[in-house]
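Peer 1: Read off the chains here:
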Amino acid sequence: MAKSAKSTASEGTRDLVMIKGIRNGLVFVLADDAPFTDVLTELEDKLQGSHQQLLSGSTLSAYIEKGSRDLSEDEEKALRHVFASQGELIVSGLDGPPPFKDWRPKDPYVYKGTLRSGQLIEHDGDVVVIGDVNPGAHIISSGDVFVMGRLRGSAHAGASGNVMAVVAAAYFEPLQVRIAGVLRRSPETYTQAAEMEFAYLEGDQMAVEKMSVLAQHRMRTRSSHAVI
Amino acid sequence: MGEAIVVTSGKGGVGKTTSSANIGTALALLGKKVCLVDTDIGLRNLDVVMGLENRIIFDIVDVASGSCRLEQALIKDKRFDQLLLLPAAQTKDKLALSVDAMQTIIRNLKTQFDYIVIDCPAGIEHGFRVAITGADQAIVVTTPEQAAVRDADRVIGLLEGVKLPPAKLIINRIRPHMVKNGDMLDIDDIVGILSLDLLGIVPDDEHVIRAANQGEPTVLRPDSRASLAYRNIARRILGDSVPLMNLDEEAGFFKRMRKLIGLR
Chain A
1016 MAKSAKSTAS EGTRDLVMIK GIRNGLVFVL ADDAPFTDVL TELEDKLQGS
1066 HQQLLSGSTL SAYIEKGSRD LSEDEEKALR HVFASQGELI VSGLDGPPPF
1116 KDWRPKDPYV YKGTLRSGQL IEHDGDVVVI GDVNPGAHII SSGDVFVMGR
1166 LRGSAHAGAS GNVMAVVAAA YFEPLQVRIA GVLRRSPETY TQAAEMEFAY
1216 LEGDQMAVEK MSVLAQHRMR TRSSHAVI
Chain B
19 MGEAIVVTSG KGGVGKTTSS ANIGTALALL GKKVCLVDTD IGLRNLDVVM
69 GLENRIIFDI VDVASGSCRL EQALIKDKRF DQLLLLPAAQ TKDKLALSVD
119 AMQTIIRNLK TQFDYIVIDC PAGIEHGFRV AITGADQAIV VTTPEQAAVR
169 DADRVIGLLE GVKLPPAKLI INRIRPHMVK NGDMLDIDDI VGILSLDLLG
219 IVPDDEHVIR AANQGEPTVL RPDSRASLAY RNIARRILGD SVPLMNLDEE
269 AGFFKRMRKL IGLR
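Protein chains in written order, with the working numbering: chain A, 1016 to 1243; chain B, 19 to 282.
Chain B extracted, bound-state conformation:
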């Protein structure tokens, strides 16, 4: 029996979809059988980030309405046989997917996969309630901004209302120099406000944008720091204890060399 993890945030644009794609791909890299589920009906993105947009024939609403079998709607990833995507519908309304239908789909997926990563839509309305139903675990993504933390707090409160174990926190898009200057919220501040276990911190990285535009998850690029961060997150999900990334290591190879020979 697999485990369903919902990735949510409340606020839009903090990196739910990017995190879902990268965590899913990282878990597949670690040899797990993973299904990514996009529940953002009408504003689907996960397929674009994964570079699978042109392969969609059936979607989750078709499965829910019984117009196709679940297996017909699952799209195999270009890179991993063990990684599949259940895309959202684009031309339909959020209300086209009901809580009951979602529960059935997730229950069904759990018999076939080790991990089901559910990408939640922004907001806390119907789409959110559908996305979290059937999940065994929740990951809350936030960025070091007041607004994002405020929304994350709201979402955590709602998640406590349903019988889920305490959510795990990912702080995304950290810019170490801004944190150092006090222009960005500190990691400790955020964890203090939200009082959740930290699953990982992801530094702001241009690779992420480039990769998303190319339809290739960042984790597949070994040279990116965000990639390392997501691979660490995946290992923590599997139960490994991996120390948090040291953000001060931001400096590149040359700077480190200079440091070594005392040039600072």
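Excised from the complex, chain A in its bound form:
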């Protein structure tokens, strides 16, 4: 969540430029109803003067929230010039911070019983089935799919595009597995005795591994898809 880093009003007067810290940079909120030159002066003061200590260090993304103000070309140029002269800030956008992505884990859906042909579980989050999933049954999950029984139906993990999602089952014999946008259908017959396995994405290829490898897979993908 965005946490307010520094924005104290001095002597009761309102700040014309408010600075907020977010996960991946700073947001500069420009007051809507003040003359542009005043805003620019205050911004300059803050960047060069009072807040210089705070801002020095590694480079940061700066998101400018110009509000309802229409910036002319010259004004925009002036604004960018102020940031450029500061050196550590890179202007990444003029329309506020990027839309916030919620990375909090969602509640899993736990289904106890046999999921039969024609039945469908669609859930935003992980899906856990304590029982079998028969041919013709369908699970669609934005997270992982875990089946504590036979998976013989179809399962779609990471349905909203999460390529790290996996489909796992105690008896892994699905008709179809989809992870994000990658689809794999069953071989014509399952020759080996099914055991506890999970399917995951290796690039744009789907792979199936023994369950014991899941933890390693998670470690590997987590480090390569690290989010600050």
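Over the 10 Å line for every Cβ pair with chain B, so calculated as not near, a few chain A residues:
#1 ARG1029
#2 THR1052
#3 GLN1063
#4 GLU1090
#5 PHE1098
#6 ASP1110
#7 TYR1124
#8 THR1129
#9 VAL1143
#10 GLY1146
#11 ALA1185
#12 GLN1207
#13 MET1221
#14 GLU1224
Derived pair list, reagent style BS3-like, types lysine-lysine, alpha-carbon separation capped at 30 Å:
#15 LYS29/B - LYS110/B
#16 LYS1127/A - LYS112/B
#17 LYS110/B - LYS1127/A
Simulated from the structure, these hints should not be mistaken for lab results.
All values derive from a computational prediction rather than experimental measurement.
The C-beta atom is built at its ideal place from N, Cα and C for all residues, glycine as well.
We have chain A; now place chain B onto it with these hints.
Peer 2: Structure of chain B alone, referenced to chain A:
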């Protein structure tokens, strides 16, 4: 412009799906471009009988609702390039497919295929009305049982209500020895009750069950009698005049040899 044939029966379990799969495959064997359409929303089977269940991505309801193009939902058969399947939806309700949407789909398919074989759901409710809409011809499947014949009669009456040419009859699962003993309805009795043209008779054959479980239509097995029966039916659909199968020939090779040398 292709021809749409609906396969229906009223009663369940008399072999609509098996007949659809085999007639479609037999027509493809004879070089026609065929599309099989499963309209049994919620209880689809045609994909299983054809062994194509694991290839389904989009289905007829997706096409009807516009979530995908018709071409995206068509599944090419493993054996014939000329044979395609439009699968039914499994997780949706019968009402998800409307008469209007079905008409549009069939009209569209008729521009691309020689024959469209429509597998109708059991019953005479909404699903039935959707399945027969857009069809140019109907095939009624029945078995030599009172209940099946009664239901077939009901369906034929309903089909006469819509402007379709008289339906054709397939009598499925005939056991010649039971007919001979009078334990099963005679072919002539059935035709007499239903007064339809007979398109074919199919003997009861274990191959059919085995083949359906393996996801391979029976017509592809040259040694099965049911296979021959369905190939004859396909030829009759194309306009050939093929004599009805002689059911007494049931006896196998050895019995026939014995007959020849007078051992009976």
